[in-house]
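The whole structure should be built from the sequences, with the hints applied where relevant.
Protein sequences appear in the order of chains C and H.
Okay, so the first sequence: first residue is 1 according to this note's numbering, each after it adds one.
Okay, so the second sequence: first residue is 1 according to this note's numbering, each after it adds one.
For the record, the hints were derived by calculation from the structure and aren't laboratory data.
Here the structure is a predicted model, which is why all the values come from computation and not from measurement.
Just so you know, even glycine gets a beta-carbon here, dropped at the ideal spot from N, CA and C.
Keep in mind that a hint or two might mislead.
To be verified - Simulated pairs of lysine to any residue, SDA-like, Cα-Cα distance not exceeding 25 Å:
1) Lys-130/H <-> Asn-2/C
2) Lys-242/C <-> Leu-161/H
3) Lys-245/C <-> Thr-55/H
4) Lys-549/C <-> Val-624/C
5) Lys-245/C <-> Asn-39/H
6) Lys-91/H <-> Phe-24/C
7) Lys-91/H <-> Val-624/C
What the hints assert, rightly or not - Partial selection, computed: residues in chain C whose CB lies under 7 Å from chain H:
8) Leu-14
9) Ile-88
10) Ala-329
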Amino acid sequence: MNAYIAQIRMNLRLTFRDRGVLIFGYVFPLMFLFMFGQLGHADQGSSSQIVNMVLTIGVLGSGFFGAAMRAITERENNILRRFKVAPIDAGPILVSSLVVGLVTYLPLVVIVISLAQGMWGMAPIENKGSVFLFLGIGVIAFRAMGGMIASVANSMQEGQILVQMFYMPMLLLGGATIPLTVMPEWLQTASQFLPSTHFSMGMKGIFQRHESITDNLSAVGALLLTAVLGTFLGVKLFRWDKEEKLRPSAKFWLVAVLAPFLALGAWQSYAKTNLAKDKMLERDSNRNHTFLIRNARLFLGDGTVIEQGSVLVKNGKIAEVFTGAAPDAKSLKAESIEAAGKTLLPGLIDVHVHLGANGGFASKQDDYTKADENIDHELAAYLYSGVTAVKSAGDTLDAMLKHREAIASGETLGAELFTVGPMFTVEGGHGAEALQYIPENVRATVQQQIVRLPKSADEARAQVAALKAKGVDGIKAILDAGAGSTHWNRLDPQILRAIGDAARQAGLPLVVHTGDARDVADALDAGASGIEHGSFHEVIPAALFARMKEANVTYDPTLTAVEGIAAFVKQDLTPLQRSLVIQTAPPDLLESTKALMVSPSVNSFRAAYAGYPVNLDVAQKNLVAAQQAGVTLVTGTDSGNPLVLHGPAVHRELQLWVAAGVPPAAALQGATYNAAKLLRADRRIGLIRGGYEATLLLVDGNPLQEISATERISIVFLKGEAINRTKLLERK
Amino acid sequence: MQNAIEVRGLQKSYGDVHAVRGIDFEVAQGEVFGLLGPNGAGKTTTVEILEGLRTRSSGDVKVLGFDPAVQVRALKDRIGVCLQATNLPDKVTVHEALEWFGSFYSQRVDSDKLIDRLQLSDKRNTFYSKLSGGQKQRVALALALINDPQLVFLDEPTTGLDPQVRLEIHGLITELRADKRTILITTHYIEEAERLCDRVAIVDQGRIIEVGTPREIQARTLGHSRIEIRTSQPMPAEVPHFQESEKAVLDGERRLLIVDSTRPARTLPELVKWIDQEGLDLEDIHLKRPTLEDVFIELTGKRLRD
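In structure tokens, the structure reads:
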């Protein structure tokens with residue numbers, strides 16, 4: 001024990017006398033901190049990445065130059081030789097190197113973090129224990145690797161080559177300096193075999209995502225294992241004398257030390273969770289910029305308009321809203337986005353979409369292996385169009401939950417997804433018609449994913465509770481007996497009431513698809529939070545709208561779907577010719593839809609739609625009546641229906657509302673604040689207000705005068721990230 | 001009294017290379033014993049086996065009663081070793097180095113006393129990198145003595161040092177000898193072995209070819225002294241046989257005569273008498289006793305510093 005203490009004490013003393021340690025351990029990292037802080041606009045939100053980079057460079061330097069080169073130098077200079085005649089073994093020497101690493105590195109961590117907080121206002125570290133523990137384990141592991149290199153290198157030259165072979169790839173490909181997301185996929189996969197990737201990934205997680213050390217157990221485990229293996233083998237292979245040479249094959253022991261990471265890499269090339277995490281981390285950093293949108297007209301979402309105002313965005317949130325002439329961006333440490341002549345709105349919301357249908361006709365039979373990719377594209381198309389949140393009003397449950405999670409985590413970029421999962425209807429009812437075409441062997445599975453067909457009130461209640469447990473955002477029921485030549489079985493209103501009760505108990509908003517006035521009345525009786533569609537063929541009596549107003553029930557007319565279905569029936573391609581539709585739709589889908597529109601193969605499909613009368617005029621009149629009755633209006637589009645392609649449909653919806661006679665401000669409120677209320681998300685989105693998510697749409701012109709200005713998109717912001725819209729729709 | 005070192009039939013091979021091919025010797029307590037031989041003779045291998053730094057292939061070895069292959073740590077704790085060509089980190093002071101290494105041993109002497117004794121007092125707080133070669137070597141000796149060892153190994157203690165420093169080190173070793181410590185020196189400096197060692201073993205090609213006091217070895221070998229005589233005029237071509245002499249060689253100008261003799265005290269007067277008789281003027285006369293080096297050359301056919 002004496003030897004350990006003496007060795008550690010002396011080693012520390014020598015280390016602090018070594019100017020190289022000061023220069024490489026402190027001066028250089030701090031230079032990097034200032035340099036990259038300047039280059040990377042650390043004061044505008046990227047400080048934590050820069051801190052990450054500097055600390056990773058520090059750990060690599062400590063391991064490979066601090067531990068490895070120093071040990072090799074001491075052996076080559078015959079210093080270790082002096083120790084070999086003393087009654088000690090390699091243990092104290094290697095352990096003291098690890099301790100010295102810790103003692104010299106951890107102050108750097110404190111200095112770098114304090115500087116970043118002082119200079120750039122980096123957020124305080126909440127999980128200090130995890131930060132220091134993880135960094136400490138990292139230093140020890142990298143020093144153990146360095147020690148191993150020293151143990152197997154037979155000469156200074158060999159040592160230098162090995163050090164560079166370890167250091168350079170780990171520095172450049174580990175994700176700390178160059179983001180993994182800019183690398184080709186094979187390189188990203190290869191990088192997962194590098195310890196520094198897992199180190200920097202864990203550090204980013206702990207730093208930026210406030211994870212704890214237990215969220216990074218695989219990285220911690222691998223680092224610890226490497227530390228133990230490296231120290232153990234280092235002791236075994238330790239050489240005091242440069243004259244003792246190891247056989248060249250001993251270098252394979254390095255592979256043994258890296259084995260935990262080779263295993264992790266192999267696992268990652270299969271699981272790819274780190275690549276996903278890296279995308280999230282990149283997302284986080286994109287969302288952390290500080291900027292000031294200056295001198296725009298502000299439509300706040302609740303109907304209020306500020307003719308000249310500015311919005312400060314920080315850490316993904318709206319930090320402050322200024323009225324009048326804009327403050328100086330520099331003094332706020334913010335990047336300036338000049339927006340004079342433009343209008344800033346909360347991101348638009350579409351409360352009624354079906355992501356499982358593409359709104360057109362694909363040339364091939366639906367390729368189910370592409371389903372996930374298609375949904376990713378659809379959600380990206382919404383975001384591209386400034387529609388920053390959508391609610392799936394009936395789709396396969398598991399797929400929706402998965403995509404909702406991927407979007408929420410930042411792994412994929414797209415509109416925020418809300419979902420009701422499967423729809424409540426009745427056997428033979430609307431919503432269940434597709435089941436008959438599903439092969440019998442998978443029908444039960446598919447049915448479980450897309451519909452609930454309760455036969456009793458109790459069954460309905462149990463089904464609502466089960467969906468709540470699954471994590472849906474709301475409940476959707478269908479109440480429609482059909483019209484014209486279309487006849488569906490209609491859900492028993494008693495069962496609907498049970499659904500309503502259960503939804504209320506579960507704290508989930510119930511929206512009800514209605515076909516006519518009777519459906520609306522029954523839906524209101526059941527305690528619905530929202531009426532979807534109202535009626536496309538029947539005028540809804542004013543008394544019902546009065547009830548809706550009274551009960552604070554929202555009305556979603558889905559006029560775009562009416563227009564789309566009507567156009568489909570008439571073989572009218574106009575809905576496909578809208579600019580944003582052309583920009584966002586997959587080109588092959590657009591082509592095949594145009595071609596199939598006039599092909600006899602869709603005739604039976606068209607006939608099915610033609611059998612249900614829709615009348616845009618009636619639908620618009622119902623909307624205006626609702627508006628005049630003071631009903632809370634929300635925008636849904638029923639995208640996925642014929643000729644209603646995913647993405648920009650809300651813009652058309654707004655235009656149809658204004659054309660019907662709804663004032664633009666009321667329409668825009670329906671697409672923002674009101675919709676957020678129905679989604680029960682109105683405490684974080686739907687308004688421009690301090691503390692709300694910086695999910696915003698900046699458009700050229702003034703949509704309050706000319707509603708189609710919403711289509712002239714300048715910038716879309718999602719949680720503080722200015723979306724690169726062109727890149728968003730790049731398909732592989 | 002037990003011997004400090006006993007070596008019987010020691011062999012060490014590295015694959016096909018036989019570095020030590022059967023060595024036997026013992027070193028008594030308090031004795032200064034030298035291993036003399038050229039580089040590659042097997043001296044260092046032998047010593048490192050004794051120090052516990054290398055394992056042996058076969059043979060029996062006891063050092064202070066320990067088997068160095070088994071009781072390595074106990075042995076290292078009790079011996080002092082001064083290896084050739086070792087260094088310390090640049091930024092360690094003399095005093096720190098002694099304290100540092102002292103902490104590795106179970107018994108130790110006071111660092112400051114050792115510093116005084118090795119005349120390093122004014123360098124006590126000087127960094128190692130600022131020391132001269134001789135001072136560094138004195139530090140190395142001090143480190144070898146920090147645990148107050150009964151047995152000290154000095155491996156080429158003066159190699160690479162200038163003559164003045166070498167003398168200093170010799171003085172120190174002489175003092176150690178006065179302490180009654182057992183010392184084993186390896187060297188290829190003949191003078192060093194002659195001056196310092198009680199007994200010497202001459203090692204060549206992994207074997208000991210002679211052991212004894214320097215004087216014994218000289219006597220045991222043919223041990224010729226050489227007499228060189230230079231005259232102002234050429235000597236007669238025919239040189240008579242002188243008593244106890246082996247052979248006489250004249251150089252080309254016949255002004256230099258070299259006579260090998262087993263007893264120069266007898267040969268020399270006859271030789272001088274003969275020069276006188278011939279009426280020649282004696283210009284120079286030189287008597288060279290055989291050195292260990294001469295012995296070595298005679299025994300091995302090669303020079304030590306080859």
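For a C-alpha distance cap of 25 Å, please report whether Lys-91/H and Val-624/C respect it.
This hinted pair is violated, its Cα atoms lying about 88 Å apart.
Straight-line Cα separation of Lys-130/H and Asn-2/C no greater than 25 Å?
violated (28 Å)
Hint Leu-14/C vs chain H: min CB-CB distance below 7 Å?
For Leu-14/C, the interface hint holds, since the closest Cβ of chain H sits about 5 Å away, which is under 7 Å.
Would you check the hint for Lys-549/C and Val-624/C, treating anything up to 25 Å between C-alpha atoms as holding?
Between Lys-549/C and Val-624/C the Cα gap is close to 14 Å, so the pair holds against 25 Å.
May I ask you to test the interface hint for Ile-88/C with respect to chain H, counting a Cβ-Cβ separation under 7 Å as satisfied?
holds (5 Å)
Should the interface hint for Ala-329/C be scored as holding, given a Cβ-Cβ cut-off of 7 Å against chain H?
Nearest chain H Cβ about 51 Å off; hint violated.
Does Leu-161/H lie within 25 Å of Lys-242/C when you go C-alpha to C-alpha?
holds (22 Å)
Between Lys-245/C and Thr-55/H, does the CA-CA distance stay at or below 25 Å?
holds (16 Å)
Hint check: Lys-245/C vs Asn-39/H, CA-CA at most 25 Å. Holds or violated?
This hinted pair holds, its Cα atoms lying about 19 Å apart.
Does Lys-91/H pair with Phe-24/C here, judged by a C-alpha cut-off of 25 Å?
holds (18 Å)
Comparing the model with each numbered hint stated earlier shows that hints 1, 7 and 10 do not hold.
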